[in-house]
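Residue numbers (our numbering), protein chains in the order written: chain S, 1 to 270; chain V, 1001 to 1545.
FYI, nobody ran anything at the bench for these hints, they're computed from the structure. Each hint should be verified, as a subset may be incorrect.
[Claimed, not checked] Stretch by stretch, here's where chain V covers chain S in the computed footprint (C-beta under 8 Å, at least three residues):
| no. | region |
| --- | --- |
| 1 | 149-163 |
| 2 | 168-176 |
| 3 | 179-192 |
[What the hints assert, rightly or not] Negatives, chain S to chain V, calculated, CB over 12 Å:
| no. | residue |
| --- | --- |
| 4 | S16 |
| 5 | A29 |
| 6 | G34 |
| 7 | V36 |
| 8 | V40 |
| 9 | I55 |
| 10 | F72 |
| 11 | P114 |
| 12 | L201 |
| 13 | T205 |
For each residue, glycine too, the CB sits at the ideal point set by N, CA and C.
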Amino acid sequence: MMRIPTSALIGLILTSAFFLMALFAPWLAPYGVGEVVGDVWEPASWEFLFGTDGIGRDLLSRMIYGGRTTIFVASAATILSFTLGTTLALSAVVIGGWTDMLLSRFIDLIMSIPTLIFALVVLSVVPVTLPVLILVMGLLDTTRVYRLARAVAADVNVMDYVEAARLRGEGTRWIVFREILPNVLSPLVAELGMRFIFMVLFVSTLSFLGLGIQPPDADWGGIVKDNKEGLVYGVPAALLPAVAIASLAISVNLVADWVLSRTTSLKGGR
Amino acid sequence: MSEYLLKVKDLKIGAHVMPPNEKPFDIEIVHGVSFDLEKGKVLGLIGESGAGKSTIGLSALAYGRGSVSITGGEVHVNGRDILTGDKTLLRSLRGHEVTYVSQSAAASFNPSKKILEQVIESCIRHKLCSDSEAKSRAIALFDQLGLPDPATFGDRYPHQVSGGQLQRAMTAMALCPKPDLVIFDEPTTALDVTTQIDVLAAIKRAIHQTGVAALYITHDLAVVAQVSDHIMVLQQGKTVEYGTVDQIINTPKEAYTQALVAVRSIEHEEKQPTATPVLLVEGISARYPRVKSDVLSDVSVELHPGQTLAVVGESGSGKSTLARVITGLLPPRSGKVIFDGRELSSALAERSGEDLRELQMIYQMADTAMNPRQTIANIIGRPLELYFGLKGAEKDKRINELLEEIEMGQEFRNRYPAELSGGQKQRVCIARALAAKPKLIICDEVTSALDPLVADGILKLLLDLQKIEGVSYLFITHDLATVRAIADSIAVMHQGKVVRYGSKSKVLAPPFDDYTDLLLSSVPEMKIGWLENVIAHRKMESAGN
Chain S
1 MMRIPTSALI GLILTSAFFL MALFAPWLAP YGVGEVVGDV WEPASWEFLF GTDGIGRDLL
61 SRMIYGGRTT IFVASAATIL SFTLGTTLAL SAVVIGGWTD MLLSRFIDLI MSIPTLIFAL
121 VVLSVVPVTL PVLILVMGLL DTTRVYRLAR AVAADVNVMD YVEAARLRGE GTRWIVFREI
181 LPNVLSPLVA ELGMRFIFMV LFVSTLSFLG LGIQPPDADW GGIVKDNKEG LVYGVPAALL
241 PAVAIASLAI SVNLVADWVL SRTTSLKGGR
Chain V
1001 MSEYLLKVKD LKIGAHVMPP NEKPFDIEIV HGVSFDLEKG KVLGLIGESG AGKSTIGLSA
1061 LAYGRGSVSI TGGEVHVNGR DILTGDKTLL RSLRGHEVTY VSQSAAASFN PSKKILEQVI
1121 ESCIRHKLCS DSEAKSRAIA LFDQLGLPDP ATFGDRYPHQ VSGGQLQRAM TAMALCPKPD
1181 LVIFDEPTTA LDVTTQIDVL AAIKRAIHQT GVAALYITHD LAVVAQVSDH IMVLQQGKTV
1241 EYGTVDQIIN TPKEAYTQAL VAVRSIEHEE KQPTATPVLL VEGISARYPR VKSDVLSDVS
1301 VELHPGQTLA VVGESGSGKS TLARVITGLL PPRSGKVIFD GRELSSALAE RSGEDLRELQ
1361 MIYQMADTAM NPRQTIANII GRPLELYFGL KGAEKDKRIN ELLEEIEMGQ EFRNRYPAEL
1421 SGGQKQRVCI ARALAAKPKL IICDEVTSAL DPLVADGILK LLLDLQKIEG VSYLFITHDL
1481 ATVRAIADSI AVMHQGKVVR YGSKSKVLAP PFDDYTDLLL SSVPEMKIGW LENVIAHRKM
1541 ESAGN
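Turn these sequences into a full structure, and let the hints steer you where they fit.
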């Protein structure tokens, strides 16, 4: 029925491979996540496909489990920031006046503080658990989503059909979710792909700095941190997460591009 | 050598369409059109949107917009085939031998350069004359086109002059390199009626004085009758009829041309006012936030059940603001709105559901008045759900009835607005308003974005629905022909005030005040020589001057 372009197909296959890997990690990984099974920095072999890490754990298993954590945290944070950011932005636009003013200036205030530093400060005073990590990342990213959603929604808010809905006596909820939201989705979906990748990078950065996922749990940023000394001895273990992040980023964006081009042309949309 | 300036033979134009998720394909949009144009003559190209008139006009520049390309036939300018010509030929042709005047002058001028600089640019680029000579040419043209202070007019920036003046400046730009042919692409469509005739008269005068030939593209037969020698009627990329102005206007042969000539001939008997008006607007004054002058001052009108009140005026006269006050979008500073015997609160949020239901609105642009992500059934069904709590089969039945009423079938239920034509979209908007079973519908320029024939259909529909449903219309328009067709009473607005008000027969009968006279005389009539007559008998200058 629907023709999927090759680029989107590649993106779709790779992205779903990554997500399936995350979902079924315990069944896919040959060894446990913290299990020490071999020598330090063993090269790739049939036993250890990617070799072993700095204390002899299987790198393939660590990568699979690490991917699970990274993708889970990034997805949860993205969903949080999108739901919150879009709802706040659309409500601000529809209600207008002081609500809009106060909310927008508050968001500006948060945005004026560099995200990474803000996150580092918060995470160094509260205990780092998964929910806290997701909450901090999601809330910080909400500001970005809010800005984009507000800009797009402001364009839609002045359309005659929104005025018609007001004149009809529709409530704020109807106007936000039925009249405006469907018409701002396509730029937001494209942004969703981008923000998800930023979240992957963000959680990796935090873990690399030691404030993200805590050992012995693995995540891609943590694997870089654990194995960075190996680079000096020519052990490529620290590069594996980089390859994983890059391919995930590209494949997600291939899908996002396709969704964007489809939705913009859909039924004469924007 | 032939004496024809422009010779178009069996012109075929195609477009490359690239729909999303489908294979791109080619379609033909102009199917073998032929015509000749002698030196110094004007040919009018007329047709509805999509008839291919602009596309044909641009072919005289050997140019296709976007993915449009000329696929067959011949176009000769001054005896040379320009379709097979190389870049050098095209360069000497465009902006020198053939020039172009577009519909929106405001979008065609560079806002950061002075007008004079832009008017003489093609002269300088083509090295036709010296800088000072080009300037004196431009100033002479400004004078010819009736622009104020011709010597200094060019020193202004585009935003410092009015729309009508800018359109004339663009005509000066086209005439400056002394071309053989000018293509006018709907040059007066975007202007107010009273400004339109000034520009039209200026263009006509300039054409005669310079002896240039012209292609005049428009959808308004009455306009083209004033400036052309010959008219070609186009429909869907084909020639319907070609003849002299006299022949086309007075003895059209084809059915389509006859329909175009007969447009705006709806007759509507004026009704007498009843005892209690459905809408009473008393002494309304209003201004927009942070603006220090009134947009409406002391406006009072009344509208009787089952009748139509037309509010007429140019852009900026405050007629749409009046609609915003009545609907509650803009609370007035003073005065009150009495609807069906009760006073409406001035703010929308304080009005009851019943107030909202009984007062509906139809917009000028049907495109933006409907949510592009909702189906027709959803759009029409929502008021039914909201006001009457209809659900399921009951709602479906009512939707079908409404679709029937607007002369559209059930097959439209699951379509999206983008899949409808302009006229169909406006019909759906009418159905949405009717779904609420209102007492009053405010129609804000509902026909001005539509082609004449389609607009006629909408007006007929509105009149029929008024008879069946007994609904009243507050009809906002700048088009007096529309007013004649449907109004029972008329309010003429000028600069926020009602300058003339009463029943249709009274308002449209002399003696006129100066503004009403100007407005009435500006509506193009399908008569040869009408333009000269009007210009000679005017009492008041239009705002565009």
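Each hint, compared with the structure:
1. 149-163: holds (count 4)
2. 168-176: holds (count 3)
3. 179-192: Result for this restraint: holds, n = 3.
4. S16: 20 Å, holds
5. A29: 39 Å, holds
6. G34: Nearest chain V Cβ is 47 Å from G34 (chain S), so the label holds.
7. V36: 52 Å, holds
8. V40: 53 Å, holds
9. I55: 51 Å, holds
10. F72: Holds, since 32 Å exceeds 12 Å.
11. P114: 36 Å, holds
12. L201: 31 Å, holds
13. T205: 37 Å, holds
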